[in-house]
Amino acid sequence: MISKWEDLIIETLCRFLIPFMQTYSLYVLVHGHSSPGGGFQGGCIMAACFILLVIAYDLNEAKKRFKEKINVIFCSLGVFIYAGTGWACLLLGGNFLDYGKLSLILPTDPIKARYYGMASIETGVEITVMAIMVSIFWDLVTGGKHEEALEEENARADCK
Amino acid sequence: MIGKIVSILIAIFAASALLIGVKDFPKWADPNQPASLHVSPRYIEKTVEETAVPNMVTSVLADYRGYDTMFETSVIFTAGIAVMMFLRRPHK
Amino acid sequence: MLEQIVSRYNYWIYIILILIGFYGMMAKNNLLKKLIGMNIFQWALILYYVSIGAKKGGTVPILSEEAGSPFEHLKAIQCVNPLPHVLMLTAIVVGVATTGIALALLIIIYRRYGTLEEDEIIEELRR
Chain A
1 MISKWEDLII ETLCRFLIPF MQTYSLYVLV HGHSSPGGGF QGGCIMAACF ILLVIAYDLN
61 EAKKRFKEKI NVIFCSLGVF IYAGTGWACL LLGGNFLDYG KLSLILPTDP IKARYYGMAS
121 IETGVEITVM AIMVSIFWDL VTGGKHEEAL EEENARADCK
Chain B
1 MIGKIVSILI AIFAASALLI GVKDFPKWAD PNQPASLHVS PRYIEKTVEE TAVPNMVTSV
61 LADYRGYDTM FETSVIFTAG IAVMMFLRRP HK
Chain C
1 MLEQIVSRYN YWIYIILILI GFYGMMAKNN LLKKLIGMNI FQWALILYYV SIGAKKGGTV
61 PILSEEAGSP FEHLKAIQCV NPLPHVLMLT AIVVGVATTG IALALLIIIY RRYGTLEEDE
121 IIEELRR
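Chains as they are written, first to last, in this note's numbering: chain A, 1 to 160; chain B, 1 to 92; chain C, 1 to 127.
There may be inaccurate statements among the hints.
[Stated by the list, open to error] Here are the in silico distance ranges between beta carbons for each label pair:
no. : chain 1 : residue 1 : chain 2 : residue 2 : range
1   : B       : 13        : A       : 148       : 47 to 55 angstroms
2   : B       : 12        : C       : 43        : 19 to 27 angstroms
3   : C       : 110       : A       : 108       : 15 to 23 angstroms
4   : C       : 43        : A       : 141       : 18 to 26 angstroms
5   : A       : 31        : B       : 20        : 42 to 50 angstroms
6   : C       : 111       : B       : 71        : 28 to 36 angstroms
7   : A       : 96        : B       : 48        : 23 to 31 angstroms
In case anyone wonders, no lab produced these hints; they're calculated from the structure.
Glycine is no exception: its CB is placed at the ideal position from the N, C-alpha and C atoms.
Extracted from the complex, chain A is given alone in its bound form:
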């Protein structure tokens, strides 16, 4: 059960910090090619932003900002982007996940096309990792009963 504990300092800090954390996660994703980082690390930081929303506010506020239907779509969208890049390389005449053949669509030479292929698969990995971490957290925290937790919070808010 999630109870609402109103604390002005935590709420204000979270409203201030979450946009910066999301920007940092995208920075870590894109700079995975020339500094430590990549898809998994950026995905965990992005998931931490949404988990912070649940901890500071309650589940109602978090679900208003990040709906569950979009979460479920993001779960499979990431794997689709990853495998889709591999399929595109296959259709353009190379092996599966052979990013050199992407130079037929992109305006670069075959060696630089591997750079862009890697960037697209890291994006897919980040989207999947973020969606799954948030989904596992919601399931474990409410014990699977999302509707009852939301009703209980509404009832508690009405009592006050």
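Use these hints to put chains B and C onto chain A, whose structure you have.
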């Protein structure tokens, strides 16, 4: 009580079996150990020439071993689906 | 004998952590403590594997794109081995997935039996 004594004896026995094998390992941070002599010099030297990415860890993860990363992404996806299957039940 | 231990002390430390995790998995009665023991075992194994790739005087395995910086052209002997880091990234993600599913199973067991102690659950099953 007797379960704890038996289990600590088994754990010490297993750890000592591993520690006897440590005698044959190369020294820590040895530059000429066999783990860094066969495949990894090729990955280190040819990473910018074959894939235009200066980070060796990303180029090995996403280009030279791209299949493993794809199946790892599907492993984390399957774990999320499994947790959804266990815990979410339809309402009456 | 002492020189042999000191020159390979990273293997000794991680094997002792494996021992602690293994003892926790076997000897504790509470299911959640067994799960924490499994987690300690897993992380000790990942650290053990990453420590194989160290090199004396080695530097970060990232080349630099600016001209004239000391990281521009690195020979193979100066870089830390990047392969164990890559393989253990996959292992970390698999560990997180396993822990998540194990926690979901623990919630179901608690709802069904009302307790998380192992001997009480076995007694309940025998009836």
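TODO: Confirm or reject the claim that residue 43 of chain C and residue 141 of chain A have a C-beta distance inside 18 to 26 angstroms.
DONE: holds, 24 angstroms
Task: Whether the CB-CB distance between residue 12 of chain B and residue 43 of chain C falls inside 19 to 27 angstroms - done: For residue 12 of chain B and residue 43 of chain C the Cβ distance comes to about 21 angstroms; the hint holds.
Open item on the list: If I claimed the Cβ atoms of residue 111 of chain C and residue 71 of chain B lie 28 to 36 angstroms apart, would that claim hold in this structure?
Closed with: holds, 33 angstroms
Task: Status of the given 15 to 23 angstroms range, CB of residue 108 of chain A versus CB of residue 110 of chain C - done: Since the Cβ atoms of residue 110 of chain C and residue 108 of chain A sit about 55 angstroms apart, the hinted range of 15 to 23 angstroms is violated.
TODO: Starting from the hint 23 to 31 angstroms, judge whether the C-beta atoms of residue 96 of chain A and residue 48 of chain B obey it.
DONE: holds, 24 angstroms
- [ ] With respect to the beta-carbon atoms only, verify the hint that residue 31 of chain A and residue 20 of chain B lie 42 to 50 angstroms apart.
- [x] Check passed, 45 angstroms falls within 42 to 50 angstroms.
- [ ] Go ahead and decide if the range 47 to 55 angstroms is satisfied by the Cβ distance of residue 13 of chain B to residue 148 of chain A.
- [x] holds, 49 angstroms
Hint compliance for this structure: hint 3 is the single one not met.
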